[in-house]
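Visitor: Sequence:
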Amino acid sequence: MKSRTTDMDKVLAEDKFSALLDALKRLDSLVVAFSGGVDSTLLLAGGKAALGKDRVLAVTAASAIRSSGETSYAVEMAGHLGVRQRVFDPREMDLKAFMANDRDRCYHCKRLLFKRIREIAEEVGLARVAHGANRDDLLDFRPGFRAAEEEGILSPLMTAGLGKAEIRALAGRMGLPNWRRPAMACLATRIPYGEPLTERGLRRVEEAEAYLDDRGFSGIRVRSSLGVARIEAPVEDLHRFLDPGFRAGLMEHFRSLGFSHISIDLEGYLPGKVNRPVD
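Under this note's numbering, the first residue of the sequence shown carries the number 1, and numbering increases by one thereafter.
In case anyone wonders, no lab produced these hints; they're calculated from the structure. By construction, the Cβ of each residue, glycine as well, lies at the ideal position given by its N, Cα and C atoms. There could be a bad hint or two in this list.
Claimed, not checked - With a cut-off of at most 20 Å between alpha-carbon atoms, the simulated SDA-like pairs for lysine to any residue come out as follows:
no.: 1; residue 1: K48; residue 2: S18
no.: 2; residue 1: K48; residue 2: D15
no.: 3; residue 1: K25; residue 2: A127
no.: 4; residue 1: K48; residue 2: Y73
To be verified - Each pair of labels, with its calculated beta carbon distance range:
no.: 5; residue 1: H261; residue 2: H80; range: 37 to 43 Å
no.: 6; residue 1: E14; residue 2: R215; range: 35 to 41 Å
no.: 7; residue 1: P196; residue 2: G79; range: 35 to 41 Å
no.: 8; residue 1: H261; residue 2: K115; range: 35 to 41 Å
Using the sequences and the accompanying hints, generate a full structural model.
Guide: If you want it as structure tokens, here you go:
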């Protein structure tokens, strides 16, 4: 029964992907807001399959709220797919509303991002812009969706009814190298709402996460608030922080970055945790 259900799920995902390709074929041309994550990669691969590489463009944002490693990976993935790419800086840090870091932070960021990408699309003569939002994103607080709607940005994966697990499975069957890559989010999500964003604070988070990434951790977050680092790691990796030698090296490095206190979240990393209501 289990394999039968799996086969049914596979067929359903394939049907949804076929519907996605049919929808993309009806477009004249497409610009994809491309982060290098599995969602936007599947969308970009679908756009190339439906329209051909000459009618598709990947546009990637590179700025202070994104780690340099993620930008480099997005460039690598666009090259792997053989799709043209434009990398640009939206300059979110110039937006006072974004820097204030209230609960609409993502709206202000995405509104600027999508506006700039639409301008690039018009500049190169491509008709539509799409981003990689999927069905499961509806389960979390996503003010950026409002910005996408206001700017006329398409959400083809969501329209096709594709969720994260289906997207990963399809990407794996297509041989996309990032099909198992953990989801990433901009560095601003590491700072709690209400605490103003600074470039120094974002760089500190980036360097802290890079330190853990270099030591084999995957899918990890370092939340930063008022000099305190709270590490969210997969539950199966929490035991590693009990090793005295590893812990001593981590504390020394994090303090050199400017953190006065270092803590471990015993719940581990869970998507959307930053949006939990606080009593």
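Visitor: Can you tell me whether the CB distance of E14 to R215 sits inside 35 to 41 Å?
Guide: Between E14 and R215, where Cβ atoms are some 38 Å apart, the hint holds.
Visitor: Cβ-Cβ distance between P196 and G79: within 35 to 41 Å?
Guide: 37 Å, holds
Visitor: Quick check on a hinted range of 37 to 43 Å for H261 and H80, using CB atoms only.
Guide: 41 Å, holds
Visitor: Run the distance test for K48 versus D15: straight-line Cα separation, threshold 20 Å.
Guide: 18 Å, holds
Visitor: Assess, step by step, whether the Cα of K48 is no farther than 20 Å from the Cα of Y73, and give holds or violated.
Guide: 19 Å, holds
Visitor: Does the beta carbon distance between H261 and K115 stay inside 35 to 41 Å, or does it fall outside?
Guide: 39 Å, holds
Visitor: Has the given pair, K25 with A127, been kept, meaning a C-alpha gap of at most 20 Å?
Guide: 13 Å, holds
Visitor: Would the hint linking K48 and S18 be met if the CA-CA limit is 20 Å?
Guide: 14 Å, holds
The structure fails none of the hints (numbered hints given earlier).
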